[in-house]
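**Student:** Listed below, chain by chain, are the residues.
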Amino acid sequence: MRLPVGALLLLIAATLIAADAARAGEHRVGLDVAALRQVDDGGDPLSTESFTYLALRPDIALQVSDRVRVRLNGGLALILNDDISPLPDTISNAVSTSASGNLLTLDAQGTVEIKVGDWTLAPGGYYHHQFNLNAIGLDLGVRRSLAGGDTEIGAFWNGRVERDRRRWWNNKKFDFRRTWTHNLMLSWTQNLSPRWRSNLSLQYTHMEGPLAESLNYVGRYWYGIPNRLLEEKLPTVRNRYQVNGRLRYAPRPGWSIGFDASYYADDWGIRQMAIEPSFEMKLSRPVSLRLWYRFSAQHGTRYFVLQPDADADLQTRDSDLGSFLLHSPGAVLRVKPDTAGRSDWELRIAIFGFVRNDGIYGFGSNIGSSVDF
Amino acid sequence: MSPSSNRGRAGKIVVSALAAASILLSACATTRFYEREMLSEAAMEFDVDGSLVFVRHKIEAAREGGLGGFGASVAGGCGCQ
Numbered sequence: 002m003r004l005p006v007g008a009l010l011l012l013i014a015a016t017l018i019a020a021d022a023a024r025a026g027e028h029r030v031g032l033d034v035a036a037l038r039q040v041d042d043g044g045d046p047l048s049t050e051s052f053t054y055l056a057l058r059p060d061i062a063l064q065v066s067d068r069v070r071v072r073l074n075g076g077l078a079l080i081l082n083d084d085i086s087p088l089p090d091t092i093s094n095a096v097s098t099s100a101s102g103n104l105l106t107l108d109a110q111g112t113v114e115i116k117v118g119d120w121t122l123a124p125g126g127y128y129h130h131q132f133n134l135n136a137i138g139l140d141l142g143v144r145r146s147l148a149g150g151d152t153e154i155g156a157f158w159n160g161r162v163e164r165d166r167r168r169w170w171n172n173k174k175f176d177f178r179r180t181w182t183h184n185l186m187l188s189w190t191q192n193l194s195p196r197w198r199s200n201l202s203l204q205y206t207h208m209e210g211p212l213a214e215s216l217n218y219v220g221r222y223w224y225g226i227p228n229r230l231l232e233e234k235l236p237t238v239r240n241r242y243q244v245n246g247r248l249r250y251a252p253r254p255g256w257s258i259g260f261d262a263s264y265y266a267d268d269w270g271i272r273q274m275a276i277e278p279s280f281e282m283k284l285s286r287p288v289s290l291r292l293w294y295r296f297s298a299q300h301g302t303r304y305f306v307l308q309p310d311a312d313a314d315l316q317t318r319d320s321d322l323g324s325f326l327l328h329s330p331g332a333v334l335r336v337k338p339d340t341a342g343r344s345d346w347e348l349r350i351a352i353f354g355f356v357r358n359d360g361i362y363g364f365g366s367n368i369g370s371s372v373d374f
Numbered sequence: 050m051s052p053s054s055n056r057g058r059a060g061k062i063v064v065s066a067l068a069a070a071s072i073l074l075s076a077c078a079t080t081r082f083y084e085r086e087m088l089s090e091a092a093m094e095f096d097v098d099g100s101l102v103f104v105r106h107k108i109e110a111a112r113e114g115g116l117g118g119f120g121a122s123v124a125g126g127c128g129c130q
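Protein sequence lines correspond, in order, to chains E and Y. First residue of the first sequence? That's 2 in the working numbering, and the numbers climb one at a time after it. First residue of the second sequence? That's 50 in the working numbering, and the numbers climb one at a time after it.
Simulated from the structure, these hints should not be mistaken for lab results. Keep in mind that this is a model prediction, so the values were computed, not measured. By construction, the Cβ of each residue, glycine as well, lies at the ideal position given by its N, Cα and C atoms. Be aware that a few hints might be false.
[Unchecked claim] Beta-carbon label-pair distances, calculated as ranges:
(1) VAL63(Y) to LEU326(E): 33 to 43 Å
(2) ASP119(E) to VAL63(Y): 44 to 54 Å
(3) ARG85(Y) to ASN171(E): 57 to 67 Å
(4) PRO59(E) to LEU67(Y): 27 to 37 Å
(5) SER89(Y) to LEU203(E): 19 to 29 Å
(6) TYR224(E) to LYS61(Y): 33 to 43 Å
[Unchecked claim] Here are some chain Y residues the structure puts well away from chain E; computed CB gaps all over 10 Å:
(7) GLY57
(8) ARG58
(9) LYS61
Here chain E stands alone, though its shape is the one from the complex:
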């Protein structure tokens, strides 16, 4: 995997200069570089699901006044899809699509955090752009600190509208079509004792619009031989529910053990549970290491078809919507040198991977640096 080395050097140099120049304070500047390689060793035999993802994410937080903090995030990502494997000759309607396999995406997000007593209000905005698709959104968060700081409750809403006119795999083209997404989350964080902390959150997401993917197709089979490609067809509404529980314990200063769990269900018939134990240790005064292992088990949507022999009203062969088990370990090393109180400079190096029992796996890295001043 090749990381943009120039960007990384620039990032380290910029944060070192900022660290040297700054006084310890309440502003923050950071930059992260991420890379992911997904390999398709299974999934749908008629689709190539291998790709490389590269991303650059700057992050700025400014303390405008005692009560107001402004956060700005950006994101520039490049998705390089592998060459599409030739389809079998038995397929009668294989087309050479002019839709590009590679994709450049741009994200921008801004949030203003306003503190009023024990309350924090956080309105924000969101923008996403890629070729023939863009999305705008609004965010609103309300948090309240209670019980002298031992409890924090919050409610968060995100609204998104996406405009999409990407060309389909069969060269079909539409005018801009809109997808609406509303996400509501309620969260409760509680200190249980001087060593224990817990969090419980509930999420509801409502999506409405054309939810079938433009590059997804379904192979029709006749006695085990694919003979035609069909369009993916999915409902235009999706209601999604997730409950999350998190627990963290500090056995000694600088060390912690965590356990996270979630259960997800939606009205397409997908059921999924995930658990994630994690462990953080202090290797030396400026260096700490966190390890995690995520396991999830998914029961796929009722619209998932493996080798259909007819064109159904609703159908998908998207392996992400199918049934599988997933194992995903990772580690992040954090280095925070003592800069004599002048600033807080941090370097983070993370590696992670995932493997699914349907033959799809991936591995990646995130390297980031930030300075508080």
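Starting from the known structure of chain E, fit chain Y onto it as the hints suggest.
**Tutor:** Structure of chain Y alone, referenced to chain E:
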């Protein structure tokens, strides 16, 4: 039931839940301020860092049928993943 009445009902549920939680949780003081040294350390944060959470959440939301993460907000609609 119309979408607008659904939204109105959802809004009332959120406000009621927040009000009820505020009352119930006001008695949930479990530590004194001088006992929070370990709780305030970076090791006790549920998530290591915002950008790493963003990347992990994006991968999980795209590679799994669920929402990804353990309480992160949505990044966008389908195409934004």
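**Student:** That 19 to 29 Å hint for SER89(Y) and LEU203(E) (C-beta), does it hold up?
**Tutor:** 26 Å, holds
**Student:** When you look at the beta carbon of LYS61(Y), is every beta carbon of chain E farther off than 10 Å?
**Tutor:** 13 Å, holds
**Student:** Does the claim that ARG58(Y) lies off the interface hold, with its Cβ farther than 10 Å from every Cβ of chain E?
**Tutor:** 12 Å, holds
**Student:** Does the hinted range 44 to 54 Å hold for ASP119(E) and VAL63(Y) at CB?
**Tutor:** Because 18 Å falls outside the window, the suggested range is violated.
**Student:** If you check the beta carbons of VAL63(Y) and LEU326(E), does the distance land in 33 to 43 Å?
**Tutor:** 35 Å, holds
**Student:** Is 33 to 43 Å a correct range for the gap between the Cβ atoms of TYR224(E) and LYS61(Y)?
**Tutor:** 57 Å, violated
**Student:** Lying within 27 to 37 Å: is that true of the beta-carbon distance PRO59(E) to LEU67(Y)?
**Tutor:** 34 Å, holds
**Student:** Taking the beta carbons of ARG85(Y) and ASN171(E), is their distance inside 57 to 67 Å?
**Tutor:** About 60 Å separates the Cβ atoms of ARG85(Y) and ASN171(E), which means 57 to 67 Å holds.
**Student:** Check the non-interface label on GLY57(Y): least C-beta distance to chain E beyond 10 Å or not.
**Tutor:** 14 Å, holds
In terms of the numbered hints stated before, the structure departs from hints 2, 6, listed from lowest to highest.
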